[in-house]
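Chain by chain, the residues:
There are 2 protein chains.
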Amino acid sequence: MKLGSLREGRDGRLVVVSSDLSRATAVPDVAPTLQAALDDWEACARRLRDVAAKLESGADGRAFDLDTRDLAAPLPRAYQWLDGSAYLHHVELARRARGAELPPELRSDPLMYQGGSDVLLGPRDPLPPAPDSDGLDFEAEIAVITDDVPRGTAASEAARHVVLLTLVNDVSLRGLIPAELAKGFGFLVGKPPSALAPVAVTPDELGDAWDGARVHLPLRVQRGAELFGAPEAGEDMHFGFPELIAHAARTRRLGAGTLIGSGTVSNRDRTRGSACIVERRMLETLEHGAPRTPFLRPGERVRIEMLDREGRSVFGAIEQEVAPG
Amino acid sequence: MKLGSLREGRDGRLVVVSSDLSRATAVPDVAPTLQAALDDWEACARRLRDVAAKLESGADGRAFDLDTRDLAAPLPRAYQWLDGSAYLHHVELARRARGAELPPELRSDPLMYQGGSDVLLGPRDPLPPAPDSDGLDFEAEIAVITDDVPRGTAASEAARHVVLLTLVNDVSLRGLIPAELAKGFGFLVGKPPSALAPVAVTPDELGDAWDGARVHLPLRVQRGAELFGAPEAGEDMHFGFPELIAHAARTRRLGAGTLIGSGTVSNRDRTRGSACIVERRMLETLEHGAPRTPFLRPGERVRIEMLDREGRSVFGAIEQEVAPG
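If you're matching them up, the sequences are chains R and E in order.
Numbers 1 to 325, taken from the numbering used here, label the letters of the first sequence in order.
Numbers 1001 to 1325, taken from the numbering used here, label the letters of the second sequence in order.
Bear in mind the hints are in silico, worked out from the structure with no lab data behind them.
All residues carry an ideal CB built from backbone N, CA and C; glycine is no exception.
Wrong hints could be hidden among the right ones.
[As the list claims (entries may be wrong)] Think about it this way: if two alpha-carbon atoms lie no more than 25 Å apart in a straight line, the pair counts; the simulated SDA-like pairs of lysine to any residue are: (1) LYS1183/E - PRO1203/E; (2) LYS1183/E - ALA154/R; (3) LYS1183/E - TRP41/R.
[What the hints assert, rightly or not] Here are the computed distance ranges between Cβ atoms for each label pair: (4) ASP67/R - PRO1028/E: 44 to 54 Å; (5) ALA36/R - PHE1064/E: 43 to 53 Å; (6) ARG98/R - ARG1095/E: 17 to 27 Å; (7) SER156/R - ARG1301/E: 31 to 41 Å; (8) HIS216/R - ARG1151/E: 34 to 44 Å; (9) ASP67/R - ARG1151/E: 26 to 36 Å; (10) GLY9/R - LEU1006/E: 50 to 60 Å; (11) THR271/R - LEU1181/E: 30 to 40 Å; (12) HIS216/R - ARG1049/E: 53 to 63 Å; (13) GLU226/R - ASP1204/E: 31 to 41 Å; (14) ARG98/R - ALA1179/E: 49 to 59 Å; (15) GLU1310/E - LEU102/R: 54 to 64 Å.
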């Protein structure tokens, strides 16, 4: 089942979307918004699945042709966005680029930060421009959306709390982050709103590409006409989503509709490219002593998409242009 | 005007509360929840003020006697909780206790972290117990609730975005925080859900105790029968709320219903006591070489309240007991 939110008001209007993303149907009798469905997920999911089955079979008379450009983020605002850094290769590179080692405890204790979720950009929303010195960057990630997760949920129990998955462009202002992190309280001005993919999907939509912890498909990232990277999301993901959920829930319960991100997808195999600019710049620094690839400038476009093994877009594409300065 | 949320569902049921907190009236014709009112604040506030005027004059036939124990947090969940550290005395003490100086840039660039807001405890909700080594602590703070704040709003324009104020118990697990902050990504497991006061109030309820930036009243903090502290919230608050809002909005807009906290209220005048345990422990460490005051244990009670100059409770009291271990 694929779910999206048509642009409407602050929370969008929930629609069930066909597997090929071409058709949709509104479900006001089930839930007005995706958050409302997540708030009563067990009951709503059953009814939404019935609608989805009808939509696939062509038996839904209310279905309409969908232009994915009409979609906001599946959750145009959320009560929680927690972003992990599960691909330790990316973290290692960041440390090496500043001459440090990866602290060994980061192999057992996930890095994760509390991000802003009061505004989540739609897949086609422009990226606000930033001065060159702010270092505007994208980060292509996978995120899960959970139902209510009790405090102290163990990783072995956490997979069942993954009710939906989507893609994220975790927008970063690299020029502001070092000074902000040096203050010791994490990210704030360095992380303007993230964008989500057109739809969020239930795990079964991924077939055996979802093993309950990781998504075994490449995440394609384009910058303009260039394929910037296509790392395999199932490789080098040191912590699976259940471990990330368990970490987040260690001392508190998580409310329904919590988004938990994987962190920038990153493979040790360099031929796969990178899912953010700063990683390529770190590789350039290690190789040439200085970065060569510039950060995003007004007018540039970023496209993030995941295709299944048959080449079909799973979540639709995040396709954002940097607005004029 | 004072607003509260009766315990009901995930978001409570919005009520207008009388200035003396003894009576309330539901307003389903205006907005079902406080978040819904904040989403359309200008229109709703006018109508809520009419209800409040009737309630004060005794002309509201639908009013009922209120037991503040029936109130959840004014926002039982919120889309954003940003916590500043505006009382630099507290920050200075924290640094001195570990032998460091306050970096001078923290006098011009506010410390602020993105906190969890998917669950906000009600004023009487128990505090989940924590092992002694986790160091369960309270932090008494003032918070503002904003309407929509555009990206790049200057401090000089930010005061008008303060639509409500409330109190916060920013619960902290001191034993977990040093290792967590050392990871570099801010707070997560060290900050379980915060609690809010019974009501949120419009700035005019504070009279001239609100100067558009600070609240000039003492914040009373009791631990069991002991008055733990009563620092003056208007003193030693280095950054006013408009500066905190401007900092938060530097690179992104803030959605309606954003909560922004002052950080632990803290005065240089030590006779006022402290608004959190760790501050007293830092003072003890500086004076005696080691802390003497233990963190919270199961069965202990914390009470946080602000009285106006006539001795009336402005927000009602946060009164929490640590649940049995």
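Unmet hints by their number, sorted upward, for this structure: 1, 3, 4, 5, 10, 13, 14
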